[in-house]
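One line per chain: the protein sequences are F and X, in this order. In this text, residue positions in the first sequence follow our numbering: the first is 2, and each later residue adds one. In this text, residue positions in the second sequence follow our numbering: the first is 41, and each later residue adds one.
None of these hints come from the bench; they were simulated from the model. The reader is advised that the hints may include incorrect statements.
Unchecked claim - From the structure, some residues in chain X lie toward chain F, with a derived Cβ separation under 10 Å:
id : residue
1  : L121
2  : P123
3  : G153
4  : M154
5  : F156
6  : N160
7  : P161
8  : S178
9  : K181
10 : A230
11 : R251
12 : M273
Positions of the beta carbon are idealized from the N, C-alpha and C atoms, including for glycine.
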Amino acid sequence: MTTTLNTTKETKIDTEERIKIREIEMVDVIVMVGSALSAFALSYFFFQILLPVSGALGFLVCWYVFFNIISTVAVWELRGAIKAKDHLARVFIWTGGLAAVVPLILVLVYVIGKGYHSLRPQFFTQDQKFVGALSESTEGGGAHAIVGTLEQVGIASLISVPLGITTAVYLNEVKGRLTKPLRMIIDAMSAVPSIVAGLFIYAAWILALGNQQSGIAGSLALAVLFLPTVTRTSEVVLRLVPGGLREASLALGGTEWRTTSRVVLPTAKSGLVTAVILGVARVIGETAPLILTVGGAFVMNANPFSGKQDALPYFVFRLIRFPQEAQVARAWTGALVLVILVLVLFVIARAIGGRGPDHISRLKKRRLKRKGLA
Amino acid sequence: MTSIDITSTDTTRMSSDISLLDPGHQAAGLTANNVACWFGTKKVLEGVNLDMAPGQVTALIGPSGCGKSTFLRTLNRMHELVPSATLAGEILIDGVDIYRGAIPVTDVRRRIGMVFQKPNPFPAMTVAENVLAGLKLSGLKTTRSERDELIESCLSKAGLWNEVKNRLGDPGRALSGGQQQRLCIARSLAVSPQVLLMDEPCSALDPTSTRRIEQTISEISETITVVIVTHNMQQAQRVSHRCAFFLAAENEPGRIVEEGPTKDIFTNPRDSRTNDYVNGRFG
Chain F
2 MTTTLNTTKE
12 TKIDTEERIK
22 IREIEMVDVI
32 VMVGSALSAF
42 ALSYFFFQIL
52 LPVSGALGFL
62 VCWYVFFNII
72 STVAVWELRG
82 AIKAKDHLAR
92 VFIWTGGLAA
102 VVPLILVLVY
112 VIGKGYHSLR
122 PQFFTQDQKF
132 VGALSESTEG
142 GGAHAIVGTL
152 EQVGIASLIS
162 VPLGITTAVY
172 LNEVKGRLTK
182 PLRMIIDAMS
192 AVPSIVAGLF
202 IYAAWILALG
212 NQQSGIAGSL
222 ALAVLFLPTV
232 TRTSEVVLRL
242 VPGGLREASL
252 ALGGTEWRTT
262 SRVVLPTAKS
272 GLVTAVILGV
282 ARVIGETAPL
292 ILTVGGAFVM
302 NANPFSGKQD
312 ALPYFVFRLI
322 RFPQEAQVAR
332 AWTGALVLVI
342 LVLVLFVIAR
352 AIGGRGPDHI
362 SRLKKRRLKR
372 KGLA
Chain X
41 MTSIDITSTD
51 TTRMSSDISL
61 LDPGHQAAGL
71 TANNVACWFG
81 TKKVLEGVNL
91 DMAPGQVTAL
101 IGPSGCGKST
111 FLRTLNRMHE
121 LVPSATLAGE
131 ILIDGVDIYR
141 GAIPVTDVRR
151 RIGMVFQKPN
161 PFPAMTVAEN
171 VLAGLKLSGL
181 KTTRSERDEL
191 IESCLSKAGL
201 WNEVKNRLGD
211 PGRALSGGQQ
221 QRLCIARSLA
231 VSPQVLLMDE
241 PCSALDPTST
251 RRIEQTISEI
261 SETITVVIVT
271 HNMQQAQRVS
281 HRCAFFLAAE
291 NEPGRIVEEG
301 PTKDIFTNPR
311 DSRTNDYVNG
321 RFG
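My request is simple: use the sequences and hints to build the entire structure.
The structure is reproduced here in structure tokens:
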């Protein structure tokens with residue numbers, strides 16, 4: 002052995018000069034900046050002098066296209082065809098990524114900008130009982146809508162999550178005779194327009210069975226939309242569990258049920274939480290299925306089983322159409338609170354779900370210690 | 041030859057309620073009589089007769105695709121997990137048929153354990169939980185002291201205790217590949233099997249881990265019958281008492297060409313194909 006291990010704690014300054022593997026070369030930077038500038042100049046020339054067109058979006062597109070052409074030609078000259086194609090692909094991928102993220106950020110910024118003016122602590126504690134047509138936008142709150150949304154989505158997940166995961170287990174673990182038709186039905190269900198889900202519950206639960214509009218009717222409508230999302234995502238997640246684990250469990254004398262409950266589901270846990278999150282995300286912003294089912298309300302009704310309820314998206318939908326500025330501002334605040342609510346739910350779900358099967362949570366460590374296994 | 045209906049489930053439960061933790065259990069002998077296997081309509085194995093005597097290590101050797109692994113998987117009813125798989129013949133554990141007899145399939149698999157080619161510890165469990173997984177999966181209650189004892193003894197038998205005794209709370213997959221495989225062996229040992237089937241257990245491991253596992257095999261073979269599939273001729277020579285050479289001609293089901301004491305198979309084979317194979321001239 003020619004190398005020796007330096008076990009002493011004292012810091013030794015390395016004298017070797019390291020190879021700069023990840024350094025960006027100056028010439029590449031110049032090519033990019035130069036291409037961007039010349040593309041800008043070229044589009045300016047076209048837009049302002051040559052052609053009778055105008056508009057910021059057109060200019061941006063024009064600039065982008067020119068940049069691609071110029072920089073690709075430049076890289077081609079400099080480094081050859083293969084590098085040029087590589088460069089072009091890289092630009093497209095970056096553009097795609099940005100195009101996906103930028104609108105998202107814009108929406109967030111817009112909602113925050115519009116909604117934070119009227120956001121006061123009482124938005125979480127008061128309803129609209131004492132709010133008149135001319136009240137300030139900071140008066141009253143959306144507590145009734147927050148409670149409504151939480152209850153409706155909560156009940157919808159109580160219905161859909163166990164049902165969806167059980168169906169996914171059937172599709173992926175049991176693989177019974179009904180697998181194919183079931184999968185088709187789930188696919189068809191996920192394509193149901195949300196208003197149709199609302200109409201279905203309105204026709205079946207309210208008109209045919211003679212129930213009143215209430216939170217539970219809304220939950221049922223949301224559950225119709227929730228179920229296919231949870232089922233399909235869970236199925237994909239369960240399919241990712243290596244078959245070797247199932248075999249190992251069965252080879253130890255495990256029954257199919259214990260294999261599923263003790264090995265497959267725990268291994269897929271964080272993925273299943275993602276499935277639930279996707280399901281919640283699918284329904285928490287839904288307005289259409291709620292219009293006919295929950296009825297809407299301006300006052301607090303915490304009982305989801307009787308009386309009309311409100312929900313945050315419905316609250317926003319109603320108030321944004323008022324002519325009074327205060328009402329519109331209140332609607333924006335409602336939208337902001339909805340975004341915050343989703344964020345909080347996601348953080349909670351991630352904390353419960355853990356970070357993948359190899360990660361052992363603090364809670365589990367404590368449980369193991371009690372049993373003397375850690 | 042009538043094929044066995046593996047889809048039928050017998051509900052009669054065996055009355056042998058020996059505690060799984062009972063150390064007094066004995067290695068059991070396995071006997072295969074005229075076994076044939078199919079995947080759908082393709083026959084992959086036929087006419088296999090093999091006696092795997094209690095407390096002995098039997099190695100199954102032969103080129104890829106000759107049906108060794110398929111045969112191994114019929115020995116603890118893992119073959120039937122492939123939806124199109126069927127088989128014929130009989131497999132006896134201490135004289136009792138594991139397919140037609142009164143032993144429930146979960147008991148068959150508990151008495152005849154299996155270690156797979158790829159280490160597959162349960163990712164959602166810690167090292168200690170992995171060892172105890174078999175008890176949990178078969179719903180056995182244990183006291184804390186029993187558990188502690190079992191963890192230490194199984195990990196020691198698998199030659200892993202010293203390396204992981206301070207890491208029992210780590211996730212199973214935090215260990216190295218060789219350690220994971222030894223953890224899988226410890227996991228199989230925890231349910232006190234009478235037979236242990238090993239499907240190329242060292243093919244993904246480094247020489248040191250391989251040696252450790254071979255050591256484990258020779259240690260456990262006093263109380264557990266071992267059947268091992270291996271592509272490594274030296275390994276077969278080192279660990280096994282008896283050897284069975286499988287071979288499949290093109291588009292034909294695999295058969296046992298020759299079977300006997302390991303020494304004879306390697307030094308004095310009766311069949312010229314065995315001679316060619318063990319000396320590395322084909323396969």
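Now the hints, each set against the structure:
1. L121: At 7 Å from the nearest chain F Cβ, L121/X passes the 10 Å test, so the hint holds.
2. P123: holds, 8 Å
3. G153: Holds. Min distance 7 Å.
4. M154: holds, 4 Å
5. F156: It holds, given that the least Cβ distance between F156/X and chain F is near 6 Å, below 10 Å.
6. N160: holds, 4 Å
7. P161: At about 8 Å, which falls below the 10 Å cut-off, the nearest Cβ of chain F leaves the hint on P161/X intact, so it holds.
8. S178: At about 5 Å, which falls below the 10 Å cut-off, the nearest Cβ of chain F leaves the hint on S178/X intact, so it holds.
9. K181: violated, 13 Å
10. A230: Constraint on A230/X satisfied, holds at 8 Å.
11. R251: violated, 22 Å
12. M273: Since chain F brings no Cβ nearer than about 26 Å to M273/X, farther than 10 Å, the hint is violated.
Comparing the model with each earlier hint shows violations of hints 9, 11 and 12; every other hint is respected.
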